[in-house]
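J.: From first to last, the protein sequence lines are chains W and A. For the first sequence, the positions run -7 to 296 when the working numbering is used. For the second sequence, the positions run -7 to 296 when the working numbering is used.
The set of hints was computed from the structure by calculation and includes no laboratory data. Note that beta-carbon positions come from the ideal geometry of N, C-alpha and C, so glycine has one too. Treat each hint with caution, since some may be false.
Here are some chain W residues pointing at chain A (derived, C-beta under 7 Å) [unchecked claim]:
id: 1; residue: L1
id: 2; residue: N5
id: 3; residue: K47
id: 4; residue: V174
id: 5; residue: V175
id: 6; residue: A216
id: 7; residue: Q218
id: 8; residue: H219
id: 9; residue: G221
id: 10; residue: N243
id: 11; residue: V245
id: 12; residue: S274
id: 13; residue: D275
2 protein chains.
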Amino acid sequence: MSKSFDDLLKQVNACSKKKVSVAVAQDKPVLEAIKLAKERGIADAILVGDEEKIKEIAAEIDMNLADFEVINEPDVQEAALKAVSLVHDKKADMYMKGIIDTKSFLKSILNKEVGLRTGKPLSHVAVFELENIDHLLFLTDVAFIPYPSLEDKVNIIRNTVEVCHACGLPNPKVAPLAAVEVVNPKMECTVEAETLTNMNREGEITGCIVDGPLSLDLAIDPEAAQHKGATGRTIVGDADVLLFPDIHAGNLVYKCLVHTTKFKNGCILTGTSAPAILTSRSDSTETKVNSIALAAIVAEALGK
Amino acid sequence: MSKSFDDLLKQVNACSKKKVSVAVAQDKPVLEAIKLAKERGIADAILVGDEEKIKEIAAEIDMNLADFEVINEPDVQEAALKAVSLVHDKKADMYMKGIIDTKSFLKSILNKEVGLRTGKPLSHVAVFELENIDHLLFLTDVAFIPYPSLEDKVNIIRNTVEVCHACGLPNPKVAPLAAVEVVNPKMECTVEAETLTNMNREGEITGCIVDGPLSLDLAIDPEAAQHKGATGRTIVGDADVLLFPDIHAGNLVYKCLVHTTKFKNGCILTGTSAPAILTSRSDSTETKVNSIALAAIVAEALGK
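If we strip away everything but chain W, and leave its shape as in the complex, we get (with noise of 0.2 Å):
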């Protein structure tokens, strides 16, 4: 079970070695992180974009090209469908965004015909390792669906218990969360948290446990779930993910984390063939290390 980001790396290695797509490679960042994955064995490459300015940038960061694919296509939307296309047809793992917009991005993952899709909706699940926590959380969702229902709540889910699964927690404990842990009919959120304890507990929902409405700190702290008597609960200070309410909730608690504390973390896309890893151009080269490590270890699991 991996409990840490050094766990997963560990994990990683032990893992047959997977190659990542990049679409729209020119990127120094993406380069960087790319550069970085290959020195530590996590990740081969293949660099799909500008070759020119591939190049440029790959003699500005001292890497080495001849370590890796390169694929020539200067329009960006035609190397994100090439991109999508290779792992669509299992010549590479994992997908990555270069430097392309969003949504074109996203676009060539729910291509017909090279794209990723599975049918099921797609999720995003953040990974942190946090000082006083002696596990990996897994925070979902708190970049990609905005205002999620009962049902892509269910969903969330389980693409997020399978990447649990990949990281070797046989049993995740998922928390749906809210300001208050009792269910209040004025809080849509709180009912919400009470069906999905309910499914889970019937079979619907399954790999997991579910516990909730959970304000964070039953959910993450231990003493001070300890100290408001959680009685009767599954989750006492014990939660591995962390179901929102909504983006907003979920993307400020996450952009907190990021941009107050310095705990390692890593993200990636949920829900497609392959695991997708598109990071913000803020992220430090170590989290876009982090998401292709994740990305590997769920590439592994999808593989078997």
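With chain W's structure known, arrange chain A on it following the hints.
T.: Relative to chain W, chain A alone:
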């Protein structure tokens, strides 16, 4: 201008000595905070509650009751009414929750004869001193108003701006937050953020600068804000006040900071004729003392 809790404590010491009236004071964590606040010269206190039990706890924590006024009222509701009336009658400057449920405590605040009503709606503000931010951050509303309407948000801003002014910030920057920094008609909170910004430009919300919608990185991280090219914005990673779209987003961010970091914080209830302190059982003594200090500063400003 107070930029840290140390600054706030210095500011308190420069004020005339304030007195806090504690409702149902027979609570060990609350008395520990009251004792420490007295020792540090932050505030004196009147302890209203079960005198026998107060004496027992005082003995336990080595607290000299000769330093405090104690009013014996074993009945919980009566003790709250007595304690709040002391503030109402200006015999104390701030009102603090002891071992009484939040609902009854709020009921005493809203009491028409002896309470602290002003006609303004109440709201909550949490103040944080973050490691990599060189000024205090005012988070609102993370605990009181579940789904604030536009009108509620105007009032929340007004209440919070008063607290900022009391802390010596003449023109705080207020960021109405969302997951995104652009107006999206499908996301009500982004539309309201724009309206609040316009109301500020048109002079309907004064004493501050409002600029939203803003994502959290653009609000608090100058580097990220510049990286993303925040042109035409008045807030570039230098927000003082973070206005949350709803209580779930606010409370989850607040608890994320409290339970995953060691950043100093304190909070008070505002919109009352005198500041009210209702800390949570899981708050540290330090946090409770910070809240008393913050209340003292606001009491000083309200008294002018």
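J.: Look at each hint and say if it fits the structure.
T.: Structure-based check of all given hints:
Contact between L1(W) and chain A, as hinted, is not supported at the beta carbon level, the nearest pair being about 23 Å apart and thus beyond 7 Å. Interface hint status for N5(W): violated, as the beta-carbon distance to the closest one in chain A is roughly 29 Å, over 7 Å. A cut of 7 Å between beta carbons decides the hint on K47(W): the least distance to chain A is about 25 Å, and the hint is violated. Taken as an interface hint, V174(W) does not check out: its beta carbon lies about 13 Å from the nearest beta carbon of chain A, beyond 7 Å.
With its C-beta approaching chain A no nearer than about 14 Å, V175(W) sits outside the 7 Å limit, and its interface hint is violated. The beta carbon of A216(W) is positioned within 7 Å of a beta carbon in chain A (closest approach about 5 Å), and the interface hint is therefore held. At a threshold of 7 Å, the smallest CB-CB gap from Q218(W) to chain A is about 10 Å, leaving the interface hint violated. Taking 7 Å as the C-beta cut-off, the interface hint given for H219(W) holds, the closest approach to chain A being about 6 Å.
Because the beta carbon of G221(W) sits about 10 Å from the nearest beta carbon in chain A, more than 7 Å, this interface hint is broken. At about 4 Å, the closest approach between the beta carbon of N243(W) and any beta carbon in chain A falls short of 7 Å, and the interface hint on this residue holds. For V245(W), the suggested interface contact is upheld, since its CB lies about 5 Å from the closest CB of chain A, less than 7 Å. At a threshold of 7 Å, the smallest CB-CB gap from S274(W) to chain A is about 5 Å, leaving the interface hint in force.
This hint is violated: D275(W) has a C-beta 10 Å from the nearest C-beta of chain A, more than the 7 Å allowed.
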